Amino acid sequence: MLFVMSSLIFVQFLLLGLRVIDTTTDTWKHCTDLLPLDLLSFVLERDPSKLVPGVHMKQAGAVRGIHFSSPHTSMSFPSSQLLVNCDLFPKEFSIVVTLKVTASAAKRNEYIFSLMEPKKVEKTGPVQKEEDNNEREQHGVMEKKERRVKNNEERGRIILGLRLSRKRLHFLFQGHGGVVEHWGFRGARLADNQWHTLVLVVDSRQVRLTVDCSLPLEIVPSRPFPTDLNIQGSRFHIGSRGRWKGLYSGLLRQLVLVPGSDATHHICPSSEPQLSVLSVPPLLSDLSVPGSDSDGHATSYETQERVAVGLEQSCSELLQGQLWFNPLRKGLYLCDGTTWIAVLEDHKRLDYVLEHQVLITSSETHDVEVFQVPGMGLMAAMAHRSTASGSAVYLWSNTGFQLYQNISTYGALAWRHFNMGKKIYLVVSNSGGGSDKQRESQMDFSVIYKWSKKRKLFVQFQTLQTHCARDWEAFNINQQAYLAVANHRKGNNNHTIDSVIYKWDRSTKSFEVYQMLPTSGAYDWEFFTVGPYHFLVVANAFDGVTTSVDSVIYVWVDGSFKVFQTIKTFCATDWEMFQIGSRVFLVVANGHRLHANGPSQYAINSTIYELDMNGQLFVRFQDIMTYSAVDWEFFTLGEEYFLVVANSFNGESYSLNSILYRWQGYEGFVPVHWLPTIGCSDWEFFSSKGESYLIYSSAKVPLSKVFKLKIY
87 MLFVMSSLIF VQFLLLGLRV IDTTTDTWKH CTDLLPLDLL SFVLERDPSK
137 LVPGVHMKQA GAVRGIHFSS PHTSMSFPSS QLLVNCDLFP KEFSIVVTLK
187 VTASAAKRNE YIFSLMEPKK VEKTGPVQKE EDNNEREQHG VMEKKERRVK
237 NNEERGRIIL GLRLSRKRLH FLFQGHGGVV EHWGFRGARL ADNQWHTLVL
287 VVDSRQVRLT VDCSLPLEIV PSRPFPTDLN IQGSRFHIGS RGRWKGLYSG
337 LLRQLVLVPG SDATHHICPS SEPQLSVLSV PPLLSDLSVP GSDSDGHATS
387 YETQERVAVG LEQSCSELLQ GQLWFNPLRK GLYLCDGTTW IAVLEDHKRL
437 DYVLEHQVLI TSSETHDVEV FQVPGMGLMA AMAHRSTASG SAVYLWSNTG
487 FQLYQNISTY GALAWRHFNM GKKIYLVVSN SGGGSDKQRE SQMDFSVIYK
537 WSKKRKLFVQ FQTLQTHCAR DWEAFNINQQ AYLAVANHRK GNNNHTIDSV
587 IYKWDRSTKS FEVYQMLPTS GAYDWEFFTV GPYHFLVVAN AFDGVTTSVD
637 SVIYVWVDGS FKVFQTIKTF CATDWEMFQI GSRVFLVVAN GHRLHANGPS
687 QYAINSTIYE LDMNGQLFVR FQDIMTYSAV DWEFFTLGEE YFLVVANSFN
737 GESYSLNSIL YRWQGYEGFV PVHWLPTIGC SDWEFFSSKG ESYLIYSSAK
787 VPLSKVFKLK IY
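Taking the working numbering, the leading residue of the sequence shown gets 87, the next gets one more, and so forth.
Worth flagging that the hints you see were computed from the coordinates, not collected in a lab. Fair warning: this is a prediction, and the values are worked out from it, not measured in the lab. Treat the hints with caution; some may be incorrect.
[Unchecked claim] Using 30 Å as the maximum straight-line C-alpha spacing, the simulated DSSO-like pairs for lysine-lysine come out as follows: (1) Lys508 with Lys589; (2) Lys205 with Lys331; (3) Lys539 with Lys509.
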């Protein structure tokens, strides 16, 4: 019982620590969730069907914003609901704002937003109260002053805020000793009754303000932004500092906090820099309603105009020919009398990534394989390191993955799912998981499992001799089924060994050895087809002396694989093939540089190669800095393309960010999201009921995480 309680306490502390990877010398926790935090949506989306009191939606031309008529409590919320498990404000961050400032606003101080200390009511003794009263009597406004001081005490002091004054934009924060410091930007010229998008970037060296994607205004402060800004018990106030004085009088369309990142490159350059978008609430999506008055109140969703606007709209015979604009989908639809037909529809775009599930596993996990089983649904096989607990197969439900079946494995490193006709199989890479004698005995076998429709379980089908197998790849050529195993080493030292291609033998109903290929510490196989040509590429990691070895691309010629091209890699751990239009790419995950007994270098470029059709070889396209990368995952959302890398180790820590990259055409892939991971070993993308997800496994702690991709 004591052991169980200790385990539960450990798991609770582990879960609390997932969002915290950077701490000070004491127990204060910094915010490290590097995701855009949409402050406006956080308030407005409490009830999407209506606006909160004190807030009005107005339209300037075809652009919507919100206007504040009073500092209502609904426009305030605890910082702990947004900055989860944080005691300290992020040390580096960006603030993205899209606003419209009237000329009259330049005559007074107005707050775009503020972060305020918790309310305090201080009790003063008789002597102190008498002294305060004497001072107030000297000014002749005793009662009024007394009320004002009391209100200030209840209201608390400002911790951080963004304020407009006569000629400047001010960024305010509590500096050393609790003194409020002001960083002011002259020349912003915002009070012109036009829309503007601002990006304020605060880092350890300087502060930059970019207006409408123009050249930034820079400040090099004498003292950097504090690293110990305590936000415990604080509250965000949108459009004010919680009182009438300083209420923002203009329109606000976008207000996003991006911890730990420079958000400028996410929205600039832009074809419409004054309205650059990082995250705009659906209620404020662009409209184009004929006859709307500039700066007038937006019309109701339930409108009888020729173009109806709203999140929901019925279609009937009475509405045949009616057009409907859905601001959430950014789509225009035509009613044919029964259903809505899409006329124009915005393609889905990735907005940001939300943590969906923390899955506590029985052991550290080296690999995740996600697949469909007809009649059952989505499943995930996880390769657990522990021999005692074996590996697990999970079944997807609305809330996440739930344990379905446990399978005995021995130091499992990877699973691979494949079909032959209507039959479903799983093959596991066992690495041995025991002593040297055990590795050379029955434990150093990999096993193929077959799905039993009757038992609704995976049952053992065939056992194959392998040598610290790191990966399996399943593929078909000319209607024949093949399996390729990546044999990593024999014993502890012999890495230069053969990996094996197996072929399905219909007469024996089993896989038989078909071809042997020499490899050097093989980590991964990737099969792909381009036109009539079939390729197989191996990730070679180590030859016993150095990680600087050639990985090899093979091509299928006359019934076997022949060398097509060799590429110098550095502890290659994964290859991922993907296509964008007619272009064919291969990306390698380079783990680290090591030669003989020299030091390892974990910060190293991984490389994307593109197939040159004319030269008939893969050429270097883009280098991306990675940290002991062990996996790449490519996926698409609508017409956008993404790569996510599993960064596992930087030489000092296993707690670091894995990064999501988006295809930007001639720029190649650019980073768009930073995902905190611990010893990340694998990424898998999957979809369920129209929603998209990513799951990662950890080779250092017994957990996996599922992230939901928020799209708009």
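Violating hint indices (sorted, rising): Hints that this structure does not satisfy do not exist here, as all of them hold.
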